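Given chain A's structure and the hints, the job is docking chains B, C and D with the ligands onto it.
Here is what each chain is made of, one letter per residue.
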Amino acid sequence: MLHGLGLGSAEELFDSLPADVLLKRPLDTPAALAESELLELFEAMAAKNAAARRPSFLGAGAYSHYAPTIIDSLIQRSEFFTAYTPYQPEISQGTLQAIFEFQTLVCQLTGMDVANASMYDGSTAMAEAVLMAERVTKRSRVLVSAAVHPEYLQVAETYVAHAGIELGRLEVDETSGRTSLDAAALEKDVAAVVVQSPNFYGCVEDLKAFAEQVHATGALLVVVVTEAASFGLLRSPGACGADIVVAEGQSFGVPVSFGGPYVGLFATREKYARQIPGRLAGVAYDKEGRRGFVLTLATREQHIRREKATSNICTNEGLIALAATIYMTALGRRGLQEVAEQCAQKAAYARRQIGALEGFSLPYSAPVFNEFVVRAPSEAEGLLRRLAESHHVTGGLALSRYSAERPNDFLVCVTETNKRADIDALVAGLKQS
Amino acid sequence: MLHGLGLGSAEELFDSLPADVLLKRPLDTPAALAESELLELFEAMAAKNAAARRPSFLGAGAYSHYAPTIIDSLIQRSEFFTAYTPYQPEISQGTLQAIFEFQTLVCQLTGMDVANASMYDGSTAMAEAVLMAERVTKRSRVLVSAAVHPEYLQVAETYVAHAGIELGRLEVDETSGRTSLDAAALEKDVAAVVVQSPNFYGCVEDLKAFAEQVHATGALLVVVVTEAASFGLLRSPGACGADIVVAEGQSFGVPVSFGGPYVGLFATREKYARQIPGRLAGVAYDKEGRRGFVLTLATREQHIRREKATSNICTNEGLIALAATIYMTALGRRGLQEVAEQCAQKAAYARRQIGALEGFSLPYSAPVFNEFVVRAPSEAEGLLRRLAESHHVTGGLALSRYSAERPNDFLVCVTETNKRADIDALVAGLKQS
Amino acid sequence: MTITKATTHVTQNEALVFERSQTGRRGYRLPALDVDETPIDELLPAELRRDDDLEGVPELSEPDVVRHFTRISTWNYNIDLGLYPLGSCTMKYNSRLNEKVARIPGFAGLHPLAPAEDAQGALQVMYELQQHLAEITGLPGISLQPAAGAHGELTGVMMIRAALDARDGTTSDEAKRRKVMLIPDSAHGTNPASAHLSGFTVKTIRSTSEGLTDLEHLRELCAGGDVAGLMLTNPNTCGIFERNIKEICSVIHEAGGLVYMDGANMNALVGVARPGDMGVDVIHLNLHKTFSTPHGGGGPGSGPCCCTTELEPFLPVPSVVKAEDGSYKFDSDRPQSIGRVKAFYGNFGMHLRALAYILTHGNDGLREATEAAVLNARYIAEGLADTFDRPFDSPPMHECLFTDKRQTRKGVHTLDIAKRLIDYGFHPMTIYFPLIVQGAMLIEPTESVGRAELQQFVDAMKEIAREAQEDAQTVLDAPHTTRVGRLDEAAAARKPVLRWRPAEKAAGA
Amino acid sequence: MTITKATTHVTQNEALVFERSQTGRRGYRLPALDVDETPIDELLPAELRRDDDLEGVPELSEPDVVRHFTRISTWNYNIDLGLYPLGSCTMKYNSRLNEKVARIPGFAGLHPLAPAEDAQGALQVMYELQQHLAEITGLPGISLQPAAGAHGELTGVMMIRAALDARDGTTSDEAKRRKVMLIPDSAHGTNPASAHLSGFTVKTIRSTSEGLTDLEHLRELCAGGDVAGLMLTNPNTCGIFERNIKEICSVIHEAGGLVYMDGANMNALVGVARPGDMGVDVIHLNLHKTFSTPHGGGGPGSGPCCCTTELEPFLPVPSVVKAEDGSYKFDSDRPQSIGRVKAFYGNFGMHLRALAYILTHGNDGLREATEAAVLNARYIAEGLADTFDRPFDSPPMHECLFTDKRQTRKGVHTLDIAKRLIDYGFHPMTIYFPLIVQGAMLIEPTESVGRAELQQFVDAMKEIAREAQEDAQTVLDAPHTTRVGRLDEAAAARKPVLRWRPAEKAAGA
Ligand SMILES: Cc1ncc(COP(=O)(O)O)c(C=O)c1O
Ligand SMILES: Cc1ncc(COP(=O)(O)O)c(C=O)c1O
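Heads up: the protein sequence lines correspond to chains A, B, C and D, in order. Each residue of the first sequence is one higher than the one before, starting from 0 at the first, in numbering that gives the first Met the number 0. Each residue of the second sequence is one higher than the one before, starting from 0 at the first, in numbering that gives the first Met the number 0. Each residue of the third sequence is one higher than the one before, starting from 0 at the first, in numbering that gives the first Met the number 0. Each residue of the fourth sequence is one higher than the one before, starting from 0 at the first, in numbering that gives the first Met the number 0.
The shape of chain A in the complex, shown without the other chains (with noise of 0.2 angstroms):
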């Protein structure tokens, strides 16, 4: 093919590239392997994986829920995974369906209006909410609960770095685990409240009550959610009012993975569906009237409106949003009651377990889906490890971690997942470390 080209040598295909940028050398990464060679590397380095080995009550924004194997057998379909972003509908049609089918299910789990094809993760949805409020209201101060998952935090404040926002906090009611939102706070430049729930202690927020106080104030409620099998049994935030809904999709079906890929959730009320960030699907027919769907009000994005755009964001998590879209139609409507149930009734008896132990005491009086924030006796992080060395069960989440004022403080996360063997390990665990 070389010669066929004119070209003497492969060398001759980079003329166009000044000599002095030319490596001179081979890249010093390793020589090729063969398959067999790659995958006991890959083992052997999983292997070194001990906690997930382990049974867990880790969670605090990645759950694990059971998968049915019939959504990794479907996504690793070429005709899913190895697609682009579907820019050609009539050769696309898969892609987009879903899509649409992603957007309603989104809609009927947040009880909101519009839903988009997906963000990043629930991390980088909360971020562009809030950007999204501040372009809606043309006010710049965002108000975020303390009790918003810290990472989710972080990023916020990340992306309005630079985007003329200031972010207030509202503080965490130390007895009930819950935002308190007093009416001095909501000054009237403030462009929306942001509070998350089931929060990061675990404890299900009051929604309604701060859908009246904020909407008096003409700002926008945003609500977060980390934890989406809590849609299967909690009030549907946009039920309670919020005009903006964020969430982690990863409990849909998909693998915690070590942080990644997730799925971030976006949901709307209809009249800020074009002040909505990334991509949405649509209804479209050709010429003979066969329904079709298309990527629509491109007009937002940014390889039209450039630097005006709604968001920078191009690809996003279209195979993922794809698992968790088979995930809530293979559980469907039951599926996702029982498994929200289950998560509830276990998490229920291992807070009663728990709470009754010498020492230990449960702080927050809110009420609570599958998460709750345990006060131990001792340093947490030194018990969860003895924990994890004497019992072999990852009992959860030192909240030091994130904050030095509780030591003593940690996460527990019950899902269907975990037996009740496993739960009653943990409790008899926690009795003797």
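Rather than coming from a laboratory, the hints here were simulated on the basis of the structure. Quick caveat: nothing in here was measured; it's all calculated off a predicted structure. Treat each hint with caution, since some may be false.
[Said to hold, decoys possible] Dumping the calculated PhoX-like pairs for lysine-lysine here, alpha-carbon to alpha-carbon at most 20 angstroms:
#	chain 1	residue 1	chain 2	residue 2
1	C	Lys99	D	Lys99
2	C	Lys99	B	Lys307
3	D	Lys99	A	Lys47
4	C	Lys245	B	Lys23
5	B	Lys307	C	Lys178
Just chains B, C and D with the ligands now, with coordinates in the frame of chain A:
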């Protein structure tokens, strides 16, 4: 739906069954398990298969070769694994073209003219070859080498029990390890001589010499191959004069999977095409002259010929034949050669090391491919058991399993998947055990 | 026009791997040889080595291999695309979960000759499957060795042969005469073929106008005293339950024969009725039908044989037994066994899937599946009753039978109707089987389909019937939506081309 | 006719899951609740619980779910079907091996908040990928956190902002003025959008008639003293290498700005040249392009950021470091960091695949892939040179650019040519991008295609050019072989329907 059909209850669906044949109780099988419970159950059972976790030198009809990942991912496409036998060619061209490619590849490797769409496995393929030889020659005596896989021989005995065929035996030369064919054995009424190469003891037979003598008496030479990887290096049976070649195709990308499913290869000469058992795919054209493929020469088969069919086989090993086809294509011309050479080289290395061990000997002098017999100083079964327990390696197959008169012999198989370190561990282990 | 353009479509025109081959391409990489190399001539003398350098074997890159097989795969219909109503084939949904189970390394990577004590999990799987299949059939003796239905038939009738020989000896004239295997004219072709392989002479039993075995004829045939046995499919291949099954069995037994049942249609009976309770002596099951192991475009299958305690001694060896201590082992100690029918223990990968099927359904689920399978067949029977001719009016079990009688007047035959169904997105039903019914169309929806899709199928069939009247040519020219039209099978058989050859050689051939 | 018939084809007419829903159907089974149940009201007061019973959420059986998604999947084109020559998107082969790696339970089942000492394997994967990407780009500082290219851009320009603020402070007028981000008019839309999000004002640089950045214009723009930086794609979106890259970088540096490189086109450079050696300060890579992690119909992606040691203090936190004892840990101690851009550590599943890609190719293989990618683009450029208009004649790198100039005379435009390609079995190229070229067709074959298929593509394009002259209507009406024809996107945007609603409500809407 029941009521739409005028039925009051599901029971009524079975009104056409006399009451006295109806099962009046629930089946005494377990209640339904959830996906997660089922997977745990099977994982737990799998964990009891300690042998699957050890380096292994077992061969003897089932071989561990590396299978490129694409094989399993391609055969898991619904289009392949959930399709039926291609009775409707217009919507089965994928399966049919793959079969045609399989037949061609089998012909290329065996050096024959015609191959069928597959048999159940190597053992039943050999039995069918014996029956075919009788059909072709109208003779009823078949001589089978004592160095054919013992289980293959047992299967042949079952198949011929009522076919009026008498099986004779060709002894193995105890110094060379090859089958000896004295002219005397070859009386006039011999339909066929059946030899395996490499034979059960790993020795490569001198097929050319066999072919001459066998053909001289008007009999057919049937060659059996259990280690298909040998086709990459050894002179093809066809080139040596074989009339029918049968083989076990498991080596071509198919997991050992405790004995099945595997795939039987069956090839012969053009002139015997209409005597071949099983299915055949052939080229056909439509009105517009487009090339396609169909199942052909069906007049040989049971659904047309009923009791006069060349065989009773219907469902064969379609998906496994596809896996083998993908394997042969992915490795291709050079890969099949490289695998075969690595097998031979590594086996030679292991053979040298073990042969040099104090007290161990190599009884046979004939050249081998990747299997060889070792004579231990003590009873082999116990030796191998100690080896497994103390050195966590499955050292091979104690031949006492098939012949009590070989208490100290065991069969060692080495493939490209056995690392030098494993071989050295085996040698070290034998030394100490 | 669409079609002409489609012929230039790369996916529609994927060549053979041999035609795609390009010298020097590779789709693999092996680890480097890690032992000191021995000169090849020392390993094997030249005359034992290939001298053709594997000429003709293709050379492709990995992406090209993937594209090749992916492209041709799109030319296949499959269960995941829709209804696959092949009568007698029981094309039901193949669970992905079972595929995952079969790929657990502890099973897939287990060598068949591993010591039993190191393979207890695999033996347990086989043992439990044996127990469950025995319960489902009501026949306690069992072998999982047969690789498919026909293989199970062969095993079963050979067991009958062995049992009779054990009972009557092989020398007496009476014994020598007992060689007749009775088979209904509606039976599947594998039945006579299997009987023949086992040394029986086949005699055919007529069916009645109701589509049932003709008892009178059966009695006549049994009078001769030469009857070794009967091979019966129940429900039979017309989809009708042989309600006289008990009487049929006793007639055979009284005549000194044994009854073999072809279990291909067990999807109509699981959890509802058991062959063992009907007087059947031995049966084979198709795990790749009733128990949903994937059909794979023509296999692998698995055809376990179940029998009465009387016939147990004749089963193939080995089978799995449980010891006092709860451990499992292979038992080959069966002096009267017919022997081995396959190397090793059968298609173990299918045993795993079938056990997974039984355990995920649970005992209730197994019966519910049977009910749904029969209900769905009834729905279609009802839906098409006014449109197509029904040869028998007994209520169908899991499959329903129609003929092309009403359509032939316009020159439209079963084959045409089948091909036309393709244009409507359905796989055709089984056609021209059973042979006793002219222009037969045997429709088996299975339990894996919902009412909406059943109705779509009924509508399509009615639409085709209408076309047959108003626009026969469209039906006669079908299919119109496939990559290739009807292929000339007669020409293909006259001058068979069964393998690819390099152009020049091909010319020569 | 084929098309009309196809419209009754079930696979071609799969409804929405909501339209397929049937009350009472289930596609799942959970283990029974194994703890004593608490009355629901004790768990959560009614006002906190849903009261809509999830109305409208579909209810399907497992086979129906599988059929639904399998059917609609067949409406997609994909890499495994053939060439996917989207310029700037680098649609290369996605190795199945890498998919397997990403699914190893020890990785897929690892919680991101697991203690580092129990996640050493995962940290090692990230650390080694960091090392290799640093070597490939020649930029030692790195963060794997960004989730896609645009996210990497945002990270990169924010780092530039932070670096300048650290250097100049934020108070001086000089500092306040330094807000201009220069971006060529050929740049991808994400570039200006990301710059804007980071508080920059965007100024556009002209391109020359050669398709290169206009140095003169660049110098003018830099004269103002308000330039914070430059965002440059190299090779640029015309597929041409910016041969003045070093000078461009020094102009910016002398003007007190920093240079950001959009690494979307790194597939033309890996192993051949390194941005770090060109004067670039910070770059993002698209692992879902250059390093073959599957594009998944629109993600997930992964957009690591690589930078000079000078910029390292501003990278997002945390990153993975190796301790003396050889263990790995997260390092968040970076006081000047721009902060976090995503929860946890980025799209780890993509990190696994990218590392697997680098290790299976090996250093030679990485360079060979680059050579093949460029060679293939050259082959197409050469093959179509006489048929289509080429806006620039500098030799293309990994992608080649054409326009519809010669075809417009007959009223055939880029869009029509793209749609017509579908009928020939190919996915269209990128169209109308870059915006500076009227009727642009940007073709990137990647290294994953053989000569034969490249030629098929060239032939198809030539055939279409011929049709444009002789039979324009066929091209204007294309595609003819798809389930739906061209869809009315304008109407769709005018009255957007963005979700399904139950019939009656829909009527209301
Ligand atoms: C009634 C009947 N008997 C026997 C068989 C043969 O089963 P197999 O194809 O598994 O050998 C079949 C399958 O086609 C069948 O339908
Ligand atoms: C040149 C260029 N820059 C940036 C991007 C954005 O990358 P991503 O889609 O991963 O956000 C793309 C991808 O479309 C691109 O082609």
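Each hint, compared with the structure:
Pair hint Lys99(C) plus Lys99(D) holds up; C-alpha atoms about 13 angstroms apart against a cutoff of 20 angstroms. Proposed proximity of Lys99(C) and Lys307(B) is contradicted: the alpha carbons are some 41 angstroms apart, above 20 angstroms. A hinted pair counts as satisfied when its Cα atoms are at most 20 angstroms apart, and Lys99(D) with Lys47(A) qualifies at roughly 18 angstroms. Annotation: proposed proximity of Lys245(C) to Lys23(B) holds, straight-line Cα distance about 17 angstroms (limit 20 angstroms).
With a C-alpha separation of about 16 angstroms, the suggested pair Lys307(B) and Lys178(C) falls inside the 20 angstroms cut-off, and the hint holds.
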